[in-house]
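Peer 1: The primary structure of each chain is shown beneath.
There are 2 protein chains.
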Amino acid sequence: MRISVVFAIFVFVLFPFLASAISDDKPILGFSEKQLTAQRDLENKFDSSLNAENLREWMKRLSARPHHTSSPYDKDNADFLAGLFSSWGYETQIEQFKVLFPTPKTRVLELVAPETYKAELSEPTVSEDATSGQHNEQLPTYNAYSTDGDVTGELVYVNYGIPKDYEDLHLRGIDVKGKLVIARYGASWRGVKPKVAAEHGAIGCIIYSDPAGDGYRYGDVYPRGGYRNENSVQRGSVMDFTEHDGDPLTPFVGATENAKRLRRQDSSAITKIPVLPISYKDALPLLRALEGPVVPQEWRGDLPITYHIGPGPAKVHLKLEFNWDLVPIYDVVARMNGTTYPDEWIIRGNHHDAWVNGATDPLSGMVVLLEEARAISELAKAGYKPKRTIIFAGWDGEEQGLLGSTEWVEMHQDELRQKAVAYVNSDSNSRGFLDVAGSQTLEKFINQVSRDVEDPYKKISVQQRARAYKMMEGDPAAKKEARDREDLRLPALGSGSDYTPFLQFAGIAALNIGFGGEEEYGQYHSIYDSFDHYLRFMDPEFQYGVTLAKVGGRCVLRLANADVLPFEFTGFANDIGAYVTELKKLTEDMREETEIKNTMIQQKIFEAYFDPTKKFVVPEAQEPVPHLNFAPLENAAENLEQLAKDYQKEYSDAMKEEKVSAEKMQKLNSILMLSERALTRTEGLPGRPWFRHQIYAPGVYTGYAAKALPSVREAIEQKKWKAAEDQIKMVAETLDRFAEEVKKAKKQLD
Amino acid sequence: MRISVVFAIFVFVLFPFLASAISDDKPILGFSEKQLTAQRDLENKFDSSLNAENLREWMKRLSARPHHTSSPYDKDNADFLAGLFSSWGYETQIEQFKVLFPTPKTRVLELVAPETYKAELSEPTVSEDATSGQHNEQLPTYNAYSTDGDVTGELVYVNYGIPKDYEDLHLRGIDVKGKLVIARYGASWRGVKPKVAAEHGAIGCIIYSDPAGDGYRYGDVYPRGGYRNENSVQRGSVMDFTEHDGDPLTPFVGATENAKRLRRQDSSAITKIPVLPISYKDALPLLRALEGPVVPQEWRGDLPITYHIGPGPAKVHLKLEFNWDLVPIYDVVARMNGTTYPDEWIIRGNHHDAWVNGATDPLSGMVVLLEEARAISELAKAGYKPKRTIIFAGWDGEEQGLLGSTEWVEMHQDELRQKAVAYVNSDSNSRGFLDVAGSQTLEKFINQVSRDVEDPYKKISVQQRARAYKMMEGDPAAKKEARDREDLRLPALGSGSDYTPFLQFAGIAALNIGFGGEEEYGQYHSIYDSFDHYLRFMDPEFQYGVTLAKVGGRCVLRLANADVLPFEFTGFANDIGAYVTELKKLTEDMREETEIKNTMIQQKIFEAYFDPTKKFVVPEAQEPVPHLNFAPLENAAENLEQLAKDYQKEYSDAMKEEKVSAEKMQKLNSILMLSERALTRTEGLPGRPWFRHQIYAPGVYTGYAAKALPSVREAIEQKKWKAAEDQIKMVAETLDRFAEEVKKAKKQLD
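So the protein sequences, as listed, match chains U and E. Going by numbering that gives the first Met the number 0, the residue at position 8 of the first sequence is 7; the numbering climbs one at a time, nothing skipped. Going by numbering that gives the first Met the number 0, the residue at position 39 of the second sequence is 38; the numbering climbs one at a time, nothing skipped.
Since the hints were made in silico from the structure, they are not lab data.
Copies of the same chain look alike in the list, so a pair counts if it fits in one copy or across any two.
Capping the alpha-carbon separation at 27 Å, the derived lysine-lysine pairs in DSS-like fashion look like this:
| # | residue 1 | residue 2 |
| --- | --- | --- |
| 1 | Lys584 | Lys479 |
| 2 | Lys655 | Lys746 |
| 3 | Lys596 | Lys479 |
| 4 | Lys318 | Lys117 |
| 5 | Lys176 | Lys614 |
| 6 | Lys746 | Lys666 |
| 7 | Lys648 | Lys743 |
| 8 | Lys443 | Lys418 |
| 9 | Lys163 | Lys479 |
| 10 | Lys596 | Lys478 |
| 11 | Lys469 | Lys584 |
| 12 | Lys479 | Lys583 |
| 13 | Lys478 | Lys583 |
| 14 | Lys663 | Lys418 |
| 15 | Lys384 | Lys25 |
| 16 | Lys259 | Lys74 |
| 17 | Lys479 | Lys718 |
| 18 | Lys33 | Lys648 |
| 19 | Lys478 | Lys613 |
| 20 | Lys663 | Lys33 |
| 21 | Lys458 | Lys614 |
| 22 | Lys584 | Lys478 |
| 23 | Lys163 | Lys584 |
| 24 | Lys596 | Lys458 |
| 25 | Lys478 | Lys614 |
| 26 | Lys443 | Lys743 |
| 27 | Lys663 | Lys443 |
Kindly generate the complete structure, drawing on both the sequences and the hints.
Peer 2: Right, dumping it as structure tokens:
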């Protein structure tokens, strides 16, 4: 109701884009002209079967009680999901693993000087929110995989707590050794904050949600609006993912009942210092009690105070104790076997566990996946048989560290490496613009999918709407690219949801799909991520839920039915070329910046500039940035580009002539299916053995954000020049290996 | 005391810049080698006479009571200043004018719906501030030259209230007709806000000081720190300067007792709608009561709320009545006659009136000027005789609209146009970096002055320190320029202090000089701009006051004593060339943006992008930007560059040979003195008859900021293409006329 009071509803009568009306006459990658009509019909039938009311009902049912990992309602939901899949005719299993899942026993945070304040650490009931009062079942506010600890010390505000922030502190002559830090959420995966703090000698870490992050800066706070209110806390995992994802005690293998487990103290995944998330109501007295230098402008949040860095005089006491239990988790896996290629698997997944009630995260995506599965089962009842095997999965334990998906992938890794074609993930979904990232061998594929799905309100394709978004909201270069391209460049995947073990550990081509940008998203990982919140602020009519089902359904149905698997390599080669250019520019920019800075140091510009009444440290001169030999990468990229073009031409001819034998077709598909695996190396990335993909990885110090060509990029960023040159060769080799597969694929079409 | 608690005092031991140690062996523009040593000696004697204690004592005396225009203590201060000048041997006069100066009779601002709140409109006594309790003598918080009014209506938040903000409102389908607007201070001269609001049909205007402007965003608020607290209000004039500066009733002529006066209702200077400044404590209930769309991110300030635009449901009542009195003002003018060229005047000025106690604004500059005058009088007592006439001036009525300086310039305009060499202005001064702007024919001159004055704490030249600042704080292009140049490009003057009538009305070369950047400046135009505030947060040891006296003293002594007036034209020609390039780029950028926007409109990108639940208006397609003929300006700039080089060469030769006759020298100086006048036109700028300078003007819609080549620039910005081409020719003609003067100057040196 509220939404219509605050916002005048005002829908434009729109004409479709002249050049982008959705039409049924465009080719679809992987389908011969003969198959095209049948596939179009199938997709139309699929669409017409979709029903927003199902999404709403399932979300209401699944979010009715807190359902965090291993909670009673988590199990109940898993059973419910399995029941649905079974009722639709899928071969369904609940696969169970046993994982380390700490829950809080003691949580104390208090300001002990110069005045005292005891943090509340609680989220109160809100009368407009029917499930917010289920306090008995709610997990308290905390960070999973924080170590136990009982520490007292001076406080230092460290902004986002990323490495750059500590450089800024150093310039001001401030260190955090023996002190507690308070960082705001944002700019990195939250687990990076305690990791970096500990690396700098801090003894404890507090993370808070500044209103500048997802609070009143963006809109009214809950329940008046959808944004984070003063009491709301972002729970979340702080697992250190550097070495591996998934259960901390069973890296590389499935966490079965009898799996060989590390001792907890030997796990690299648990933080070195205690860490606790708090609300901005609890943060305010702490921040207000800080003195010392005023923060740099870009460090300040939106609290009505002057932000000071400290250290002190604010002194805090943080005490945390956890139950370090092994608990069961429940992955729901449902299968519809393929007829022609049963050993080629298309996997569509979303997690089902939440931090609390999780209407948005993850149920807004999970209910879409259910509707896709239901609609496909309707098609099957009407006689449809997929060529390839379709697997729908509802993962458990995602919130703690992608536990359910990772253990499942580790458990089945050999079979998956042989049989998986692609993994298509969703997580939260809401009103707005299509947001996709993934393996760029699927760039053309997903562009065709998004070209063929209509926005529910605008009556243009979701691709064109996403392109409009990029033209309006991107940085200048991105805006220009959006204007210059007809389709959308597919960004790479970092981490943050269940695609990670598939893509980065198992080398399976992956996509992550969802809508967003027009919601009021301030409930993340709080008790207010509820059905009531979703209905008012996320996607009240579930229209973007239905639209996501159209996107996800097309992904599954096209991958499952294609004559030739719809991988395409010219776009990928182009993306690789762009990454190489980017890395060269990064190096050039670093060289220029280093030269400028060194000259300024030599000319004593810093001394001249600094305020004489304030403490500053002159930065040290840096080693000059050498010229790196990018030739191996450039050659590999160009070689790949040529072979990709050759394959593409051969493919186009073959699809017109339809003369490839079934045997060759099978071989071709098999090569294509395995091609992404050629982008991995068994030894993984340097220092990150579990991350095997050589093209995509999350950054060690960003966590969520993708780093393309990660081994090279991070070596450059960390100024390890020898390693950079070694990795340039290594990645070039990997690309050459991949190019060989493309060549082999082409041969099948000769 | 507080400052040493908050900030650790930490002064670096510094080595001077290798290339920039202050030395006595560098040439000084305008001085033959023979004269150089004498001038250096004079300047050293001048320096050694300066005494920070004088500055402190005078500031204490002058700021002891409120001394706004025409107040008892304003007159008392004028008498005190005149007494000092007289006691030092200057021929001193108090010149009196009679000006329109409204003061408030009624000030009511109240929120009348949806709840009620009555604005306090008062600044309370602060116990740490000895003069803050002088409420009987303090002017209330108000905007001078607001019209009377009694209006009630819905409220709309308009950000800074500049034209761009109304475009953004239009895109959201919001207009302000019949409503009151609330704008935050910043981004423009305050008088622009009610002007633009009235142009858009608003019936009232409220201006408030957001903490993001000069409040807790930057540091602790007064009295803990120096920044604006919740009760503090920025008073200030809102006179409409479009047609002229100075007394609203006597444009173009001195406001003598019997001057012919406009009727008040015929003055263009008074606002069309009532306008009142308020504190953020008074603004908060109003802003909080707004609903409607959430503001764009760049519109939000630092109050702990979601900023909504409205209109309404907040409804406010604003009632203002003023005493529209004619009051006397007191300009203090002190003269030391020149021996060789008594009819060549060097004028050094600062205002003495304040909004309240005005320790910083204007006394921090005024006491420096006094000390310069005193030190020069000491030199005179020891036998020094300036070649040219030196005039020191303390203007009254600056705060209301440069009344004192403007009336004086208008009164003496004929004589000034004949005799004035240059006007050197100061206003507020504090710790930090030299900040200079002015006529670019003085670019080399002021660079040599700043090269020869040492920073009081850093022991490097103030020029090098300012250059370090630009390297650290500028935008990338400015940083690069600072690295690439040894000296500093002199920025152009806009408006905001008493140089305006000299430069822009009378065509007298002008400079504005001061230090700043390390103070805590949140007291502007409030009762807290006090001696106590100054001592803690501005320049506690008056060391930058003494340093400014060294800069100002050198300006005066060099201009007064030079063999050849130190105007230099190659730098000016280079600056003009840069402005022409800038205008071409501006036009190119506008063309590209228009093309992109029109294409996006045609492709319905805006419709595709907008949130369907919110109200938005698709922008209208714009007329394409034509190619303009910049050739006349380019030719004029190149011609000037060549002639400037010729003059420079001839000048250098002449100064070495010292063979120019006294008669030729006099002629040369006379040409140089009048050269700036050649940059003016009697009819003024289009629609702005009082602004005669064709190269520099304040922007009609920015007020403070300089617009170089204003007639061309504003025509382009306003898309008046025909006018732009006409003005290109007109300005080219003006530059040619100026170039002729340079040619004539050269001839004297042949």
